[in-house]
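One line per chain: the protein sequences are A and B, in this order.
For the first sequence, the residue numbers in my numbering are -15 to 222.
For the second sequence, the residue numbers in my numbering are 79 to 403.
There may be inaccurate statements among the hints.
[Claimed, not checked] Residues from chain B that face chain A, not an exhaustive set, calculated with beta carbons under 7 Å:
| no. | residue |
| --- | --- |
| 1 | Val92 |
| 2 | Cys93 |
| 3 | Cys127 |
| 4 | Leu144 |
| 5 | Asp146 |
| 6 | Met148 |
| 7 | Arg151 |
| 8 | Arg152 |
| 9 | Pro158 |
| 10 | Pro162 |
| 11 | Ala178 |
| 12 | Tyr389 |
Simulated from the structure, these hints should not be mistaken for lab results.
These numbers come from a predicted model, not from an experiment.
Beta carbons: idealized from backbone N, C-alpha and C, even for Gly.
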Amino acid sequence: MHQTLAVARRELAGYFYSPVAYVVGALFLLASGLWFFYRIFIPGNEASLRPLFEAMAYIMVFATPLLTMRLVSDEIRSGTIETLMTSPVTDAAVVTGKFLGVMAFYLVLLAGTVVFLAIMAVYGQPDLGVAATGYLGMVLLGAAYLSVGLFASTLTPHQLVAAIVGTAILAIFAIMMQVLVANAGEPWNYLAAKLNAMTYFRDFSRGMFDTRGVVFFLTATGLFLFLSVKTLESRRWR
Amino acid sequence: MIEVENLTKWYGPVCAVDNISFRVEKGMIVGFLGPNGAGKSTTMKILTCYMPATSGRASVAGYDVLSDSMNVRRNIGYMPESVPLYPEMRVRELLMFRAALRDIPRRQRRSAVDRVAERCWLSRPEDMMRRRVGELSRGYRQRVGLAEVLLHNPPVLVLDEPTIGLDPAQIRAMRELIRDLGAEHTVILSSHILAQVEQTCNHLIIIASGRIAAAGAPAELRQRVVGPSRIIAELRGAEEATLVETIRALPGVRDVQPSTSDGWTRLAVGGDQQVDLRTEVSALAAARGWQLRELRREVGSLEDFFVQITYEQNVRWMERMTKSA
Ligand SMILES: Nc1ncnc2c1ncn2[C@@H]1O[C@H](COP(=O)(O)OP(=O)(O)OP(=O)(O)O)[C@@H](O)[C@H]1O
Ligand SMILES: [Mg+2]
């Protein structure tokens, strides 16, 4: 437990040293800010946060792999993986620690978007129920996306490859499945709907608390963390 | 303390370690010596639980590296070859992190870090502990790497080429430090340079092409590898041919190679295995009235032996290549 937290703390601190994290954070806030001011924050519009949450969910497909890409890849490239894996720490503790570290940074980023909510509250009356489920949805979706990115990072010593693989996996679940839902034939479109991350997320962004969504995102998180532990373990056998 | 039995490691089609066995007793400083690609690092990675062997067994401090890996890791401090560190962290921060990973209780971490910093000469320039690791010179990074390894005071230290990339003064300091550490720890270190380990270690394992070529205390090894003895004598007072003939007639002499300049004849006399010809030669010179200005015995050095092994490894390697071609 100590060790998991030590790893998490180091990762979180690492983000504050890392120019990549600043750039990603800034771009994320800028993109969602632009979206907010040009599409949502328009006099006469209803004070709804729904479009903002959906835009952020799409941005995350590209942003989270950029945050997670260095988690394991960089340790493999620099060789620090060797000292890490010969310390008395289980591979599961390493993966959990790294996940918690990036999750903490993600929550900091998310907290930055509360500004939009505050601005809206000054000029109108946003639905605080929607805001609550929307942020819950963002946290759940973020956990799943970050675990996918972490998994991609255990596959390769190259950060760029990790980012591309992570984005590709996320694009399958967040974009390709949507396309299949709309275009595929009978059994396939139903299956695609079950695997479509945005189906579940939309409920949250509309102010609904959906247990199926909670199960979906938490299962995905668990699955990809498990796969990360397995690929990390398998490095030893190569 | 360390037991290795029939350890073998294949990297795909490459056999890096080929059925080696050895034992290391408590308190020994063992030098792992071998040319590039001999399998030193591979053996160390197996001992430290970084990766499993293809076959064979290894145990450290009584724990098996496969089945009891956590206990092995707790008892080992391992410094990998490239001394990998996190460049963006500050020295103290890095050491505190490693201390936490080593599960040192929070209250003791600071004192543990101060202790190793003192020991590895990191406390001297006031701001050293606040510097970023990425900005340190190679020698200082090496010290940080060694400090990391000592944090939890492990009974076994595994150091992969601890003196590589250091300047001569630092090499000497590092050697002395390792010798000091030998009082409380069992140490295995690797090197290509015989002269360095010869003075630090009390046991040498010479490894080539994944096999153990020779093992033993340095003195013992030296004894074993001393080839035919050879003496050098410089004489004056007779013709070169006469000198050669007279010396060759001595019992135990195999060959004599003369060279003459400025009236002095220099003879290189090869003798049988354990024969020392110096007494005979000087007695002969006195009896004949020759002048003798140099007389010494040359013994094969460990260095020669080591070079020979390296050479043989290359030959074997070439043979393998030509066979497979
Ligand atoms: N990860 C790897 N994959 C494939 N082959 C490897 C790997 N690591 C080492 N080898 C091979 O195994 C053999 C032994 O390598 P090892 O690193 O153990 O040698 P070494 O004695 O430490 O050499 P050096 O003195 O150069 O550090 C070499 O032929 C090397 O090419
Ligand atoms: Mg090596």
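Comparing the hints with the structure gives:
1. Val92: At 13 Å from the nearest chain A Cβ, valine 92 of chain B fails the 7 Å test, so the hint is violated.
2. Cys93: violated, 16 Å
3. Cys127: This interface hint holds because 6 Å falls under the 7 Å limit.
4. Leu144: Not OK, violated: leucine 144 of chain B not within 7 Å of chain A, min 11 Å.
5. Asp146: violated, 11 Å
6. Met148: holds, 5 Å
7. Arg151: Arginine 151 of chain B check passes; min Cβ-Cβ to chain A is 4 Å, inside 7 Å.
8. Arg152: Given a least distance of 5 Å, the restraint on arginine 152 of chain B holds.
9. Pro158: Cβ of proline 158 of chain B sits 5 Å from chain A, so the hint holds.
10. Pro162: holds, 4 Å
11. Ala178: Holds. Min distance 4 Å.
12. Tyr389: Given a least distance of 31 Å, the restraint on tyrosine 389 of chain B is violated.
In summary, the structure is inconsistent with hints 1, 2, 4, 5 and 12 from the numbered list given earlier, while agreeing with the others.
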